[in-house]
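Enquirer: Starting from the structure of chain A, add chain B where the hints point.
So the protein sequences, as listed, match chains A and B. Oh and the first sequence: position 43 is 219 in my numbering, straight run, nothing missing. Oh and the second sequence: position 448 is 624 in my numbering, straight run, nothing missing.
These are calculated hints, taken from the structure and not from any lab test.
Intra- or inter-copy, both count: the list cannot distinguish identical chains.
Calculated pairs, DSBU-like style, for lysine-lysine (alpha carbon to alpha carbon, straight line, at most 30 Å): (1) K322 - K374; (2) K322 - K297; (3) K322 - K365; (4) K534 - K226; (5) K402 - K226; (6) K322 - K402; (7) K402 - K365; (8) K297 - K226; (9) K377 - K402; (10) K402 - K534.
2 protein chains.
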Amino acid sequence: MQAEITREYVEQVEEAIARRDDAFILGTMDDLYPADITTVLYELDEQESKYVMDLLPAEVGAQILSDLDYDIRTSFLQTFTSQEIARYIDLMDSDDAVDILNEQSVQTREEVIALLENEEKTAAILDLLHYEEDCAGGLMAKELIKVNLNWRVRQCIEEIRRQAENVQRIYTVYVVDNRDVLVGRVSVKTLLLAKDDKLVKDIYNPDVISIASFRDEGEVVSVMQKYDLEAIPVVNIQGRLLGRITIDDVVDVMQEQAELSRQLMTGITENVEEDDSVFRISRSRLPWLVIGMIGGLLAAQFMGFFEDDIALLPAVALFVPLITATGGNVGIQSSSIIIQTLSSNEVVFENFAERMLKVLTVALLNALIISALVFGLTYLFRHELTLSIVVSAALFSVVILASLMGTLTPMVLDRFGVNPAVAAGPFITTANDLLGLAIYFSVAHLLYNL
Amino acid sequence: MQAEITREYVEQVEEAIARRDDAFILGTMDDLYPADITTVLYELDEQESKYVMDLLPAEVGAQILSDLDYDIRTSFLQTFTSQEIARYIDLMDSDDAVDILNEQSVQTREEVIALLENEEKTAAILDLLHYEEDCAGGLMAKELIKVNLNWRVRQCIEEIRRQAENVQRIYTVYVVDNRDVLVGRVSVKTLLLAKDDKLVKDIYNPDVISIASFRDEGEVVSVMQKYDLEAIPVVNIQGRLLGRITIDDVVDVMQEQAELSRQLMTGITENVEEDDSVFRISRSRLPWLVIGMIGGLLAAQFMGFFEDDIALLPAVALFVPLITATGGNVGIQSSSIIIQTLSSNEVVFENFAERMLKVLTVALLNALIISALVFGLTYLFRHELTLSIVVSAALFSVVILASLMGTLTPMVLDRFGVNPAVAAGPFITTANDLLGLAIYFSVAHLLYNL
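Just chain A, with the same shape it has in the complex (with noise of 0.2 Å):
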C-alpha cells in the first residue's frame, strides 16, 4: 500500500543522515514507492537528498529523477558528477532522457551522453534531441513494442518476449509495414486469443489514430482525451512510427496547461510556485502591478477633467467603487465564459452574431437586475433621484459594455494566437476601469447639466 509520509518520518531521515545511519534510511525507504521517496527529498536539503540519492538503487534514483520538478531538478543536478547523472539516465524512458538532458549545459550534456553504455538508448536520445519540446515530437518516448505485418502470431509473441524488457507497459502493440510505416494496431489480448501460425495481417486493426511529430502538444492533449487513449503513436511525414506519447506525461502537460492559464488570468506573468525565491515570484507580480497602475494613474488623469464637478457634487465620487468594481466582475464572468469555449475541444460553429446576440441577452438581464436594485438601495439611502438615476443608469450602461468587451477580447487574441487567458485578469479589469469611468462621468456631467 502507498504510503502517508508523515513530519516524524521526515526528521527520522533527517538525524538518520546526520548520523550517518545507512540502515535506518535503506531499511525504511524500501518499503516506500519512489514517488513517495520524492515526497520526503522535497523535504530535505540538497545534500541530505545527494547522500538519500546515493544510498537507493539505481533504478530508484533514476525514477525520483524523471518525478521531480523542473527548476528543483536543475539545481539539485549540478551536485552530480556526469558520471553520476549518466548511470541514472542508463535507466530511464527516453523522453525522460532527454528532458533531463535539455536541462544541462551543454558541455554536461555531451559528457553524459558520452558515457552512456545502453547503446540502443543513446540512439534514442540522440534522436529525440532534435525535436522541440512542446510538440509531439518532444513528448514522445522511443520504447514501444512494434511487430511487422507479414509476422506470425508467434514471431510476435517471442518479439514481445525481447522488446518488453525495454518497455515499461505495452498497452498497444503497433503494426508497421516493412518500410516501418504503421498501419495499425493490435491488442496483446487479440494475440493471446489468436492461434499461433495466424499472420499478424490477418489480425491486425487497421484503424489506428496517430498524431505528426510536428504536432503542438496542446493537440496531443485533445487529440487523446476526445478518443480517450492511454497511449498514441507518433509518426513522421512519411507515416513512419517513431515513438509513443503516454497518458501519464499528458496528463502533466494538462495540469501545468491549467496552471497556466489559471496564473494568466490571475495576472501572474511566470510560472512560479509558492517554493520558489522572493525574487522571482515578485518579478512575476510586478508587470500586472505595474500595468494596473498606469490604469489607475489614467483614471486619475481623466477624473482630473472632471475635479470642478466633484467639488460641487462630491456624492457622484462616491460611487466611483461600485462602479469599476462591477464593471471589472462582468468583464472577468464574460471572459470566463468565452475562455472556456476557446479551450474545449468540440468544434463550435455558432455563427458570431448569434453569439454575440446571446451575450447581449444575458448582459441586458443582469444589468436590469443590477441596476434596478442599485436604484432602489441608493434611492432609499440618499434620496437623491438625480443621483439615483445617473449611478443606475451609468451601470447599466456599464454592465453591457463590460460584457461585450470580456467576450470580445479574447476572441480578438486567440484570433491572433494569444493565449486568451491573458485577458481574464487584470488586463479586462483596467480597460474596464476606464470605459466604465467615462461612461459614469459621462452621464453624471449629462444628467447633472454641469
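Expert: Just chain B now, with coordinates in the frame of chain A:
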C-alpha cells in the same frame, strides 16, 4: 486516421436527414470514430440526433451516449423509450451505465434496469448504484481481470481469454486470494514471459496501489497522478477487490475540477457553458454581481463619511480607482499562488511563520516599487507633495494588507473544507476594495489634518 469534422459535412448530414438519405449518413459515418460522430451530433438538434442514433449500430450509439456531456445527454435521452435506453446500457461499461442511470428519473431507471438482458452487467450496475457519484466507488467500473493466487499461468491465460471479452483494456491483471482480497498484481507481460505451469503466487508482484471505495474523487486523481497509474483497483474496507478506475475517467475529473476552479475564481457559481440557456448563465453570474454591488454600495456609504473632505479636496477622489484596482490585483495574485499550493499533491510542512514571512517579503518588495513609482509620477503630473505622499503611503499599506488577506483567506477557507478558489475571485476583490478605501481615506484625513 481521425477525421476533421467540417461545417460542410454537418450541413450535408442535415440535408441527408431532411431527405431521409440513410445511405449517405451510414456510408460516411462508417469511417468516423464514435467521438467524431459525437462532435457532429453536438451541431444537430435533438430530433436530427435521434434520427442518426436510430440508424447507427447499437455499439456505436452506446459509445456516443457515454461520451456526451452530462446536461445534453439528460435532455437528449428524454426522447428515448426505456427499451431504447436499455439496449444501449447493455453494451456499456458498468461505470458509464451507472452514470446515465443516475441521471434518469426513478421510474425510468427502474424500467431500464428491468429491461436489461446481460445478467452479469445488471448485477454490476445494481452494485455500483450504491456508491456516491463523487467518491472512488462512484468512479469505478466492475469490468476488470483478476486471477487467483493459487492458479497456474495456463489457467490464467484461459481465464483472461474468457474475461477479456467484457473488458476493453486489460492494463494490469489483479491477483486475489480465496476470499477475493486483493493481494497483488501480475502484468500480461509477465504472464506471457512465464512458463505455463508456474503458479501465480511464484510470479506475482505483491506491491499494488489501491484505493478504498469511500475515498473522494480528488484523492483518486492525486494518487493516480502521483504514482503514474493508468488504472487503480478499488477495494472495500476488508480489502476485497470491488472494481477499478481507469485513467480516462480520471482525466475527465481533472478537467471538470480545473473548469470548476476557474469558474469559482471568476465569480461564476454554477458549472455553466456557453451553450447553456440565457437564464441559466444569467443566474450563475448574478450572486457575485449582487455581492459586488453590495460591496460597492458599502464603499459609497463609507466614503460618505468623508464627503466634506472630498468637497474640499476633490483631488483625493481621483485616486480611488488606483487604490481599489491595485488592492484587487495584489489580492488575486496572492490567492492564486496559495491556492496552487493548497491544491497540489505535494505535502507541505513549511511552517506558518516562515510562509507568512515570505509573503510579507514579496509584498514589501512590490509595495516599495509600486509606491515609489506612483509617488514619482503623481508628483510629476500634479506637483502636490502632500497628495503624492498620501497616495503612495496608502498604496504601500494596501499592497501589504491585500497580500496578507489574499493569502490568509484561502487558507482559512481550506481549513474549513470550503474550496479555496471561491476566495480568489470577487470575494477578495470586494473585501480589498473596502479595506483599501478605509486605509486611503484614513491616511488622507490624517496627513491633510482634515
